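Single-letter residue listing:
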Amino acid sequence: MKIKSQKDFFAGLMFLAVGIAFAWGAVTYSVGEGARMGPGYFPLMLGIVMSILGAVLALKATIVETEGGDKIGKWAWKPLAFIILANLAFGVLLGGLPSIGLPPMGLIVGIYALTIIASLAGEKFKLTPTLILATVLAIGSYVAFIWALKLQMAVWPTFITG
Amino acid sequence: MELFSHLSMGFGVAFTPINLLYAFIGCVLGTLIGVLPGIGPVATIAMLLPATYALPPVSALIMLAGIYYGAQYGGSTTAILVNLPGESSSVVTVIDGYQMARKGRAGPALAAAGLGSFFAGCVGTVILAAFAPPLTELAFKFGPAEYFSLMTLGLIGAVVLASGSLLKAVAMIVLGLLLGLVGTDVNSGVARYSFDIPELTDGIGFVAIAMGVFGYGEIIANLATPEEDREVFTAKVQGLMPTKEDFKRMVPAVLRGTAIGSALGILPGGGALLAAFAAYTIEKKTKLQPGEVPFGQGNIRGVASPESANNAGSQTSFIPLLTLGIPPNAVMALMVGAMTIHNIQPGPQVMTSNPELFWGLIASMWIGNAMLVILNLPLIGMWIKLLSVPYKYLFPSIVLFCAVGVYTTNNNTFDVWMVGAFGVIGYIFHKLGCEPAPLLLGFILGPMMEENLRRALLLSRGDWSVFVTRPISAGLLAAALLLLIIVLLPSVKAKREEAFVED
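Respectively, the protein sequence lines represent chains A and B. Under our numbering, read the first sequence as residues 71 to 232, first letter to last. Under our numbering, read the second sequence as residues 26 to 528, first letter to last.
Hints in this document: simulated from the structure, not taken from any laboratory.
In silico EDC-like pairs for lysine to aspartate or glutamate, Cα to Cα no more than 20 Å straight-line:
no., chain 1, residue 1, chain 2, residue 2
1, B, Lys128, B, Asp271
2, A, Lys144, B, Glu460
3, B, Lys128, B, Glu270
4, A, Lys74, A, Asp140
5, A, Lys130, B, Glu460
6, A, Lys141, B, Glu460
7, A, Lys130, A, Asp140
8, A, Lys148, A, Glu193
9, B, Lys128, B, Glu317
10, B, Lys273, B, Glu317
11, B, Lys269, B, Glu317
12, B, Lys417, A, Glu193
Residues of chain B placed beyond 10 Å of chain A at every Cβ, according to the derived structure:
no., residue
13, Ser30
14, Lys128
15, Pro223
16, Lys269
17, Pro277
18, Ser378
Note that the coordinates shown come from a computational prediction; the quantities given were computed from them, not determined experimentally. Quick reminder that beta carbons are idealized off the backbone N, C-alpha and C, glycines included.
Model the full assembly from the supplied sequences, consistent with the hints where possible.
Below you can see the structure in the form of structure tokens.
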């Protein structure tokens, strides 16, 4: 067996696996019948449909020729890691992490951390323009979210404001 | 005339200072994100949803609608001047628009796009105002079986719209439907797929999915492709006025584009993108007049027609949403989210229970279109400057807005983790060539479909034939089947793939 379209093959496997997982989960709830559907009925149906679609897609990918094998290509680990990390850092700093005893550090600290980490995802990283961008974003967010829209969130670290 | 009394009430609502202000903000934002490549109306509306909590519902919807049709205006600017679609629906505008700019005719191209869009926007609004009431009457005759069939038709329509593999698009819809089922089942109270996480019993946040997949996923994918050199025609825009000759060619193209766009916007699964493609294809089929520039080399009709079509389509795609409560595309799915945030159940009852909202929104679209012409033609220079903002400053800002936006939906960091997770998932979709728009539509329709299927079968005592014995339901299913057959026809299939090649 030779994979003729890498993208389709792995997409098919993904749908197959997720479909089976959902169908599996559905049978742990009461399924019922058409006239009296249980909470498991509709997800079981959809899970089965999705696994079939996934299987057909994967199978088709081993049969139908494509140009150049439809390769998935290299994964962009660097942007992926830094963007997600920036997001996580922002969440942790904004809300705090009680399990390690980190108090909420607030919006402003979060913005600086997010901007710096996210900028590392780009091709060239320069600290000074990034800090300027972070400052602009911090002031802009303060004006837009806190001052104008009056959203409720910690702005400064709680150990300062109390 | 009832229509006029309704419209005058609508204008009364839309002309209040606060609503004019929000229409203006929406139009400016829409143009902004339309001009900037790499960020579309779906991500922007998702970002701004949380910010609309504090606003009155009419103002919120007026602003969000402005973003959608505003993006259709802004997208053409980038397409013409930079050879990049600023917005997915201006993909075909690139072909002839950029060629016109290279020949020093960027001004007339921009004017054709702007004026065409304005005309189409006005017509689209009138169609929306005229067709909404009779369709609402029809909607009241709908039972659960009809709703289920209509949603099936809508989802099939979304598949036809999706670029690339049909099979993948269907699978993405089903995945969306399944993700929509996560959370507490309304009938039995069972928390499905929530893994004992309290936040998940309320379901997955719509904003988290939309921002993760469309915001983060796109950014990661964009950063992975190295920045290419772009030739920007900034200094050369002068003489906006098209010549008399241009007008003669533009006018029929604009009329055709408007007609196609209005029709395709109403169809489930339709909207701005499909409209633009169809309009360009038809324009290319018409005969060239003597002395006319061929298509692909800077024909003004190739700009005027798709730009009119995408704007008309973006207006009329509000019809299924406002009359039936069923979103025909991903942006309208977000509008459902916006309406539910404000405790408005989208559907035929909106017109009777919230007439100010309904007619105010429609009237605001006309005002918004007038604002957009002014924003986009005399003030074009301002937007051109924006095109020089490098992406390296843009993307950290987008990440920040997504993170802040998603946090404020529930003031809970759990949503921030979710948006991160969906960012990874969105990038996986991108790598595997799975288009995410159908997923979002499925996600919104999932709970609605289950509920209507359940009710329909409860009423028929488990007899599935109810879907084909009720005439409206049978008609809708037949339409869905027909749509599927048409797409699968070998000749149409080849054409469709050809049309999406530039995507």
